[in-house]
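**Q** Chain Y is already provided as a structure; the job is to place chain P with the ligand on it using the hints.
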Amino acid sequence: MRVGLFIPCYVDQFYPGAAQATLELLEKYGVDVIYPLSQTCCGQPMANSGYESYGKDSADLFMKNFGEFEYIVAPSGSCTLHVKDHVLPKTEGSPKIFELCEFLTDILKVDQVHASFPYRVGFHSSCHGLRGLRLAKCSERMDPEFNKPLSLLNMVSNIQMVELDRKDECCGFGGTFAIAEEAISVTMGKDRIADHQRNGVEVLTGADMSCLMHMQGLLKRQKSPIKVMHIAEILNGNEVVGSTEI
Amino acid sequence: MKLKTHAEEAAEFIKDDARTHWHDDTLWHVRSNRDRSAQGIPEWETLRDTASATKDYVLSHIDELLEQFEANAKANGVEVLWAKDGKEHNQHVYRILQENKVKNIVKSKSILTEECGLNHYLEKKGYDVVDTDLGERIIQFAKQTPSHIVLPAIHLKKQDIGDIFHNHIGTKAGASDPNYLTEAARQHLRKKFVQANAAITGVNFGIAETGGFVVCTNEGNADMGTHLADVHIACMGIEKLIPRAADLGVFLRLLARSATGQSITNYSSHFHRPAEGKKLYIILVDNGRTDQLGREDFKNSLKCIRCGACMNTCPIYRRSGGHSYNYTVPGPIGSILSPGRDLKKYSSLPFASTLCGSCSDVCPVKINIHEQLYKWRQVIAENTDMDRSKKLSMKVAGMTFGKPVLYDLAGKVARTALKITPKSLVYSSINVWGRHRDLPEVPKESFKEWYKKNRKQ
Ligand code: SF4
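For the record, the sequence lines run as chains Y and P.
The letter at position 141 of the first sequence is residue 141 when you use UniProt numbering, and the numbering goes up by one with no holes.
The letter at position 95 of the second sequence is residue 95 when you use UniProt numbering, and the numbering goes up by one with no holes.
Same shape as in the complex, but just chain Y (with noise of 0.2 Å):
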């Protein structure tokens, strides 16, 4: 199967170890992955400050380096959702986009995951792919459970999955808004990561690395010994990355 990938701005310039997790992953589900090199960002930061039109040239360039593919696939929930809500439907042409987990678990139907991660983990459920793509159900909605991130996190052998308290509560990154309203997001991330605290978290991921990212800058500004990884690092059977102390 062909695949596009579309790695997110930020991840291509700071977090490259999740985004080459992403491609040796779905390279060992035996996808045929292509990554366009003319990539840049799907336009999302411009359009949730409400400058959609600004972002109307990565959109066309976006569709430009995708538009030929079946699926686009991308480590990234919220980039997934603009491209999907507001890219897509724009254009002319029918790729379909998929967040990493939903194509693991809807497209290819993984059933194994074969890595081991003996450590005590911290699910973080970013808002734009919970309840923008439905990769889990919310807590405020009374449907049947599923959780598609969680599933495949439960595959890895010795993984001790850890129970928060607010199970999916946003961690106030959302983009600008975390420069626009510092205070507020500041606050929501100390309070989110105090989540994983309480509960004796080890490692904290997500699907998300803006979130992940957001949450890291406070873990460490606290020297604080919990470490931060994507989940296709974890799916890929990846080590903890920096100075253990755990």
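If you are wondering where the hints come from, they were derived from the structure by calculation, not from laboratory data.
Among the hints, erroneous ones may be present.
[Said to hold, decoys possible] Dumping the calculated DSBU-like pairs for lysine-lysine here, alpha-carbon to alpha-carbon at most 35 Å:
1) Y:K220 x P:K4
2) P:K192 x Y:K56
3) P:K299 x Y:K84
4) P:K344 x Y:K220
5) P:K419 x Y:K223
6) Y:K96 x P:K4
7) Y:K56 x P:K390
8) P:K4 x Y:K167
[As the list claims (entries may be wrong)] Non-contacting residues of chain P with respect to chain Y, defined by C-beta distances greater than 12 Å in every case (computed):
9) T50
10) K74
11) Y121
12) H227
13) L252
14) E276
15) L293
Beta carbons are placed, not taken as given, at the ideal position from N, Cα and C, and that holds for glycine.
**A** Quick look at chain P with the ligand alone, frame taken from chain Y:
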């Protein structure tokens, strides 16, 4: 009028960390009660779908339904008045009070009268208006506005209320026992109820089919007021209609559970006609509602039944308090109603959100709140000169992202700059990100650079 932005107000509120967390925990507790209560209803999502569809019908047939409501109410002996805005609404109330030689007024909680500034208007005319909802009475004493539409004094602690009551109704100094304070308030309000000649209430649901209406309270204060006074004035936003009495069950089941987790509001009082020798008026108020109805992207906001669930669930509201929105209806729903009233004045509110979507999923009538927030942002960016530097940076970003060569270069420059710039400069006060958060470590190469080296093209 230039208002402080939501971010400025929020930063102020959040300075008191203990109070912020107390506020957050209190409202999260209400949200948890709501979850537990909704979990007990297997058909919860069907109820939401039904309520939403019913309100869709109301919004698309509002003209007929209003006429039907008016005709039926009149046939029941109710006097029906129309008000195009808050001013006209207040004038109607004043005239009714004059005609009936009313001296003392009790009011049960009505967000609409708050929206119209009725208390202030009547006080200037020399009337003493007594809010009889306990929370409303507290903030009335404190000369504040409600910070929540269901829990108007939720921002105040027991101790604050003890102080307020000590100053206004002579309770013991330093008292904070809720039973003692509530009893004192009850005695105080009882006197007011007995003296009142007119009772003003809001309307939760107006029923077109019957011309009757329902008022929901937890304290029974609407009943106390209307039973004792000779004149009842019901103030109703035109969007509060439902078509049939049979629709009521759906909304009553959703309202209380969404609001507080109760299975039903303590008092759902049905009014149809004036009692012998008494008078009943209904004022139907537009005040910007038809304008909102005309905005295709935003008209859904008029489905709101004012349960407050979106406030309780909103992680931003919980940590910034209702007053930070500077609008009668705060929180997520207020942020999509207010720009329709004054785009410039409320231009910061649609940005007071991470677009997490929790509000839309909790809303019993399924208003797509977070999508409307996104859409208001587009309208605001286009029609106001909100923030020049943001506009410029977005323009530059847009240009950069449009050109791969420029993007690759900019990325490299940024990473190199971060690496070679001294820490003291990176974490200077102008770097808002870095005041409380570390920046990510700079990798030696971008993914794209790695890919070019490690994968054949
Ligand atoms: S928008 Fe929905 S959740 Fe918010 S107050 Fe209205 S009905 Fe309740």
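**Q** Indicate, hint by hint, whether the structure satisfies it.
**A** So, going through the hints one by one against the coordinates:
Between Y:K220 and P:K4 the alpha-carbon distance is near 32 Å, which keeps this suggested pair within the 35 Å criterion. A threshold of 35 Å between alpha carbons decides the hint, and for P:K192 with Y:K56 the separation of about 62 Å lies outside it, so the pair is violated. For the suggested pair P:K299 and Y:K84, the alpha carbons sit about 24 Å apart, so the restraint of at most 35 Å is met. The suggested pairing of P:K344 with Y:K220 is violated, with an alpha-carbon distance near 39 Å, which exceeds 35 Å.
Distance check on the hinted pair: P:K419 and Y:K223 sit about 20 Å apart at the alpha-carbon level, within 35 Å; holds. Taking the CA atoms of Y:K96 and P:K4, the gap is near 43 Å; set against the 35 Å cutoff, the hint is violated. The straight-line distance between the Cα atoms of Y:K56 and P:K390 is roughly 17 Å, inside the 35 Å bound, and the hint therefore holds. Between the alpha carbons of P:K4 and Y:K167 the distance comes to roughly 33 Å, so the proposed pair stays at or under 35 Å and holds.
Listed as a non-interface residue, P:T50 keeps its Cβ farther than 12 Å from every Cβ of chain Y; the least gap is roughly 14 Å. Chain Y leaves P:K74 outside its interface by the beta-carbon criterion, the shortest separation being 41 Å against a cut-off of 12 Å. Distance check for P:Y121 against chain Y: the nearest CB is about 34 Å away, which clears 12 Å, and the non-interface claim stands. No Cβ of chain Y comes within 12 Å of the Cβ of P:H227; the nearest lies about 38 Å off, and the non-interface call holds.
Look at P:L252: its CB is around 18 Å from the nearest CB on chain Y, clear of 12 Å, so calling it non-interface holds up. The beta carbon of P:E276 sits about 46 Å from the closest Cβ of chain Y, which is more than 12 Å, so the claim that it is off the interface holds. Every CB of chain Y lies more than 12 Å from the CB of P:L293, the least distance being 24 Å, so the non-interface label holds.
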